[in-house]
Amino acid sequence: MARARRSPVIARDNTPTPDASPRHTQYALPLAKAERLWFCVYLPKLPLEACGPGDGDLAVIEERQGVHRVLLAGARARAAGILPGQSPNAALALLPDLKLEERNVIREQQVLELLATWLEQFSSFVCIAGPDVLLLEIAGSLRLFGGLKSLRRQVAAGLEAQGFEAALAIAPTPLAATWLARGGQRACVREAANIMPALRSLPLSCLDWPPTVLESLAGMGITDVGDCLRLPREGFARRFGVKRLLELDRALGHAPDPRNSWRAPERFCADFEMTEEQGDRELLLAICRELLQSHEQFLLARQLGTQRLLFTFFHLKAKATSLPLGGARADRAADHWYELLRLRFDKLVLPEPVIAIRLRGGTTRALHATSGRLAFHGRAPREHYYSMSELAERLAARIGNGSVHGVNAVADHRPHYAWCTRDLFAARAADALTRVRQGIARPLWLLPEPELLSTDNGHPLHQGKLRFVSGPERLETGWWDEHGIARDYYTAVSPRGAGLWVFCNRDRQQGDEAAWYLHGMFG
Amino acid sequence: MPRNSDTSSLEKLLENPRVWRARSQPGPAEGLSSGYAQLDRLLPGGGWPRPALTEILIEQYGIGELQLLMPALASLCVEETGAEVAEPGWIAWVAPPFQPYPPALQNCGIDLARMLIVRPRNDSEALWSAEQALSSGTCAAVLLWPHRLDDQASRRLQLAAEKGGCWAIAFRPLSARHEPSAAALRIELSADHRGTRLAILKSRGGSPAVLHNVV
Chain A
1 MARARRSPVI ARDNTPTPDA SPRHTQYALP LAKAERLWFC VYLPKLPLEA
51 CGPGDGDLAV IEERQGVHRV LLAGARARAA GILPGQSPNA ALALLPDLKL
101 EERNVIREQQ VLELLATWLE QFSSFVCIAG PDVLLLEIAG SLRLFGGLKS
151 LRRQVAAGLE AQGFEAALAI APTPLAATWL ARGGQRACVR EAANIMPALR
201 SLPLSCLDWP PTVLESLAGM GITDVGDCLR LPREGFARRF GVKRLLELDR
251 ALGHAPDPRN SWRAPERFCA DFEMTEEQGD RELLLAICRE LLQSHEQFLL
301 ARQLGTQRLL FTFFHLKAKA TSLPLGGARA DRAADHWYEL LRLRFDKLVL
351 PEPVIAIRLR GGTTRALHAT SGRLAFHGRA PREHYYSMSE LAERLAARIG
401 NGSVHGVNAV ADHRPHYAWC TRDLFAARAA DALTRVRQGI ARPLWLLPEP
451 ELLSTDNGHP LHQGKLRFVS GPERLETGWW DEHGIARDYY TAVSPRGAGL
501 WVFCNRDRQQ GDEAAWYLHG MFG
Chain B
524 MPRNSDTSSL EKLLENPRVW RARSQPGPAE GLSSGYAQLD RLLPGGGWPR
574 PALTEILIEQ YGIGELQLLM PALASLCVEE TGAEVAEPGW IAWVAPPFQP
624 YPPALQNCGI DLARMLIVRP RNDSEALWSA EQALSSGTCA AVLLWPHRLD
674 DQASRRLQLA AEKGGCWAIA FRPLSARHEP SAAALRIELS ADHRGTRLAI
724 LKSRGGSPAV LHNVV
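Heads up: the protein sequence lines correspond to chains A and B, in order.
My numbering puts the last residue of the first sequence at 523; the count rises by one with no breaks.
My numbering puts the last residue of the second sequence at 738; the count rises by one with no breaks.
In short, the hints are calculated from the structure, not lab data.
It is possible that part of the hints are untrue.
[Claimed, not checked] Straight-line distance between alpha carbons at most 16 Å, and here's what the computed EDC-like set of lysine to aspartate or glutamate pairs gives: (1) A/K465 with B/D715; (2) A/K319 with A/E352; (3) A/K45 with A/E62; (4) A/K319 with A/E277; (5) A/K347 with B/E648; (6) A/K99 with A/E62.
Build out the structure end to end from the sequences listed, making use of the hints.
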């Protein structure tokens, strides 16, 4: 690593030296160009808080190496002497009415996403930086929210109102902010030059490094970030990995630290709840139409369309009935979806009257309006003009998705593998079609399965004795899988004038009579 | 001669399908060339009637009943991409008795992207699908293999074809020959060891005729 060799020590003066090394200018520039300020929200008690607001007599347990241990305990439980790391039985002995809950990482993630959505009001750039860390880029928000202090107060008040205990820290680099927040310091570092002094006294346990690294560092007598920065870069990288060194560089602002902004999923989900059960299908359809219209509004505002929708009809006693709808292309028009829904709804059996209807949109895709076309070219303007994909959708909605398809050619010599059906409703239905060799006589009709022909002295019969027109075309291939063939194909004409494509199986035991099959017709 | 070449280049320009001339509104009865000269001569409009229903009565499959249509279907694939049409039209196959074989279709010049295969569960679904496809205006041609097609159903197909400006082809057994039908053209195709025989049973604006060994 050339960079490491240039300066063997991580720590450098905070005062810019006039003979700045190339590295210095390289990394100083982006910081100077676009000032960034990262606000870190660290939620140390997220596993507990994700279980919902409680009275404090709750403890979250987690399985580690096959043994359950208390991970976090609520206020009342803590007062009773329950500590993280205790066994559930010990905790129950201390507080008999203690509620124990298994840690639910998925729920924590959901809570974190909800918080991220809430935090989007403060910054356009929110990112989920770990299982319990949220980062906001606030350099651009300071003015709007009345300065750093006011912004910080608003975020803190909001988090508290929602029942979250958070540690907040502000620093010019995301990692520094995260580490400071983990350290529990109400730090606020605004200048890049002040990062180093702020981090120096931070214990290494705030860095979220693997325990083995921390242990060996502790063995060397290194317990805080300042100690770490005093180590030679080269040796540090060799012992603990380049990644750790990079993290330190990123925290100090010497290396860029790009982050991905989190975006709330653009999906539609709406419920319509009725005051009493309804069995009137026309009324239900009308409600569905309303839901579809609000769905269209939602997508219209975002210039999106979707290919899938899911209606769920809830009943008081029976299990909910779901009705998925799929289209051949992304669309948002309520009328279009309503047409599809009506076709499917006619056949839908509802076991009971409906109490609520939910509409969930599928994954969305950018949708651009297309311009219509002028209808000349010898054709009268059509009364009922809709697109090709709409036709396929309508047909599929009535007679089933599997019954409407396209076809594609496949480059395979085995006749029955030389084609496949093409799904018109797959997301990438517009896949390139295969062009295969031309000019070899192939029948327009292929039989789903070769049909065994009766023979007369080894000569195939079909409506009488066949007359061969051309052949044989020997196809002997596919040995690499289990469906190899060894066949001689002939074009033949039956006595009644039908053009047939027959083959003789060469793959037979000695002494067997040749087996003849009909495989296609020259329709 | 320079003068001559000037006019020919103008002709060439006017032949370009993108040039639209208000004077030359094509007549409604213009047929779609079948690709078989002797057949075109017998059909009014010089080809398959469009938009309309054509019935092909066959005794058995494999006697060239598809080959008869292939040149016209292939010309539909080319014609429409040449003109400024936003989307090409489907060639819909409703309830085909066997699998239309893509390598052979490509050999005939059919664009596989236009192929729409519909496999309905019963005859009424087949007719519904065909009618939807015909009237949608998004199909260049609809091929249909119904088990039964009564007078009323054929009339519906004929109307749907006119509405959607589409070419409808229904394949029916020879036994249907004495049943009434609203089709604009009825053709009987039969074959024996000597070759094929094509008989025009009914042709709106034309007259019955018999041809041998067209396909």
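Each hint tested on the structure:
no. : hint               : result
1   : A/K465 with B/D715 : 13 Å, holds
2   : A/K319 with A/E352 : 9 Å, holds
3   : A/K45 with A/E62   : 14 Å, holds
4   : A/K319 with A/E277 : 14 Å, holds
5   : A/K347 with B/E648 : 14 Å, holds
6   : A/K99 with A/E62   : 14 Å, holds
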